[in-house]
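Participant: Chain by chain, the residues run as shown.
There are 2 protein chains.
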Amino acid sequence: MDTVRNYVQSNLDRFLEELFVLIRIPSISAQSKHQADMLRCAEQWKVFLLAAGVDRAEVLPTKGHPAVFAEKIIDPSLPTVLVYGHYDVMPAEPFELWDSPPFEPEIRDGKIYARGADDDKGQSFMHAKAFEYLVREKQLKCNVKFLIEGEEEIGSANLEAFCVEHKDMLRCDLILVSDTSILEADLPSITTGLRGLAYWQIELSSSAIDLHSGLFGGAVANPAVELSRILSQLIDDKGRITIPHFYDDVEAVSQAERDLIAQIPFDVAAYKKEIGINDIHGEEGYSTIERTGIRPSLDACGIWSGYTGEGTKTVLPAKAYAKLSARLVPNQQSEKIAQLVAEHIRSITPPYVKVKVDFLHGAESYVYPIDSEAYRAAERAYEKVFGKRPLPVRSGGSIGVVPLFEKVLGVKPLLIGFGLKTDAIHSPNENYPVEMFIKGIETIIAFYKELTIDKKN
Amino acid sequence: MDTVRNYVQSNLDRFLEELFVLIRIPSISAQSKHQADMLRCAEQWKVFLLAAGVDRAEVLPTKGHPAVFAEKIIDPSLPTVLVYGHYDVMPAEPFELWDSPPFEPEIRDGKIYARGADDDKGQSFMHAKAFEYLVREKQLKCNVKFLIEGEEEIGSANLEAFCVEHKDMLRCDLILVSDTSILEADLPSITTGLRGLAYWQIELSSSAIDLHSGLFGGAVANPAVELSRILSQLIDDKGRITIPHFYDDVEAVSQAERDLIAQIPFDVAAYKKEIGINDIHGEEGYSTIERTGIRPSLDACGIWSGYTGEGTKTVLPAKAYAKLSARLVPNQQSEKIAQLVAEHIRSITPPYVKVKVDFLHGAESYVYPIDSEAYRAAERAYEKVFGKRPLPVRSGGSIGVVPLFEKVLGVKPLLIGFGLKTDAIHSPNENYPVEMFIKGIETIIAFYKELTIDKKN
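Order-wise, the sequence lines are chains A and B. Its first residue numbered 2, the first sequence is counted upward by one per residue in my numbering. Its first residue numbered 2, the second sequence is counted upward by one per residue in my numbering.
The hints are simulated quantities; they were obtained by calculation from the structure and are not laboratory data. Honestly, I wouldn't trust all of these hints.
Same chains, same label: a pair holds when it works inside one copy or across any pair of copies.
In silico DSBU-like cross-links for lysine-lysine, where the CA-CA straight-line distance does not exceed 30 Å [claimed, not checked]:
(1) 239 / 413
(2) 389 / 274
(3) 64 / 357
(4) 314 / 273
(5) 337 / 422
(6) 440 / 142
(7) 413 / 355
(8) 457 / 273
(9) 274 / 355
(10) 357 / 422
(11) 314 / 355
(12) 314 / 357
(13) 239 / 357
(14) 314 / 34
(15) 142 / 64
(16) 139 / 422
(17) 408 / 385
(18) 440 / 168
(19) 239 / 142
(20) 273 / 142
(21) 413 / 357
(22) 274 / 64
(23) 314 / 274
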């Protein structure tokens, strides 16, 4: 380990300067004025990957922003690792809330402050530097490919077509993604699951136009009240979703995994204070971490109807709307759930109002097996660097590209992230501790050394 | 009757030309750019009332737009009638939906098209012309006062203070208001009741800020769903409001009055078609007319929470809001109901969310006794002119000034209106049939002739 630490320490200034070169390019995928910056950032990645030791690197077109592909094939009969990252970043507005300019990286109190410092320039660049070490020190025991895309922050809409088109080029036996967080700086964890998603819009109509609430109130159904009746019926008093067959496909989580979850430190008082709630609330029989990690949920993301301005307007609304979303767990299928929920809502809508349920978006859940060889190698790598065995954590969120790789390439990505929840990703003053940048590189190197996987593809 | 008809017919062109002079002044109380028009319209009313035969007429200041007062005292020992009307009109936007300019009155197919043609220039001017007839033909048997205000369409906020200040001047034994409608052109009716109103805003809070619906969904209460639970609990399956003691003070309506209500023609199919609903819906055991006339109601006038824009945003909202209104019947008191509803909502809100209930506005219900001498005189007057006995109808709406007069002056206004539901008041192409203008004048004259009231004040 000392060799690794020495290498990282003696090259740290250069590593950071290279990372800052990437950060200074405002590669904001959502803003068309930065289109030239996108290509510039992709080209810069290509330069850095070539310098790190790949055999070839290319900037490839997609239907949107270009993607960077690079590879070092030391022996085609050896297994291949594919590293996925993204060079695009979120917009930096509102600029006035930043303490230093978002695209002029600055180190304060041991942290790099800049848009992309963590997400995902900082995290993905650790892979380039770990790879550089393995190449230079002649310790690379497998083939390595890099795919650095430019549209993650805008939904990776063109990535599936790209992966299908370049399926042979992307063939691999293991995929590594560093775009997640660990529990605390001194409490490593590995994200072993992501929830899926289904999202609907509901429109309830009563009359053709808004009515006078005096002349019609009491004689004509109120769609806002009827919508409330529907929403209130979807979850029971015990926090269980009432839609028939909703839980049919939910994977039973073993007691062993629930025991591991129970080991994750969780301070209810701190949690309540942090988000400003009176109390936690959810499905009976599950802890907060289980409720977001291994159990599905159903939420209204928005509701609206009638008059929402200042003061009073006495109106009986014609229509009422809701945006509804479910977070799904293995093995729930978003399309099937979409159908079940739409049918159930239609079935409980009374005949005196009209209902429309539109399925807007779906994403699949994801789980990485903790009894796999790669997971165990990652466990050992984190333990070596952090001094603690990492805890497996199922995140409540969804990362669309992760199930996408499983679907198109047939390989489950392993999520070895090094972010902290204090990194303010997507927010002003995004930052990344230099310590995490160093430990990340060291852990990735340790992982490659621990790894003994079979060639599958 | 023939003398009256002859008088109206032979003076009709002048009556209409005078009304058009009032209509051509855009006295829109809500728009400050029309402030000079307000004074101009009040002064014009003063001129017309003096010409009609009052002893004195004045334009008096209020804290808002001025009011017109006029009177003819033929003998202080005789009873006094106070006529209330308003010279202000609603805004005319959207102008492009008018077939002729709103402030250039035009007669088409026997109807006067203009803003204010019915509400309330047309209806209140009938009183001036009926009074003119009685004075000129020396048939006036009582004292008459006129109060024509300029703020009815913006809530008459300064009228109570004005009435208190001028209580002696406004002293009277009967108040007449023509600002309501009859059932059909050939089916006269008298509005014998108005509902009261209570209006609240509810704010439900869960977290301090909007949360990520993936990372927190299932573990933190959703205020939009909790609001739905609350709203859905306020009315039961039989359409009854569930708030304890809500119905305690509701006046029991006699079977005799319910029998009269049952005589009001009502075509469910036409009603459904007119407002575009699948079906009627309301409290069990009551007809549609009873549901809006003699029963209280509770409605959400608006609800909002979270993301309400296009497409999907996966957010767990921090707050959810509702605008809630109740229509009240005699003898419910708006302040007491406001309290009951707020307390009940607080009591059913679960401890893991915070709730705020603000009472925004209240108005009292109103009922005019159908066994009174003035009501019987009005019945006979309508029957003479329309050939049919008018039906007593309780309107579901609220007119704030009506209970106000009862409260401050101790006199219940009699609502003898002549509008039709096709008059499009407050809407583009407001109109008033010349036939109703004529019949209104004739009915008011007949009413004065039929009237035998005692001097009370």
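Participant: Against the structure shown, which of the earlier numbered hints fail to hold, in ascending order?
Facilitator: Failing hints, ascending: 1, 3, 5, 7, 8, 10, 15, 16, 17, 18, 19, 20, 21 and 22.
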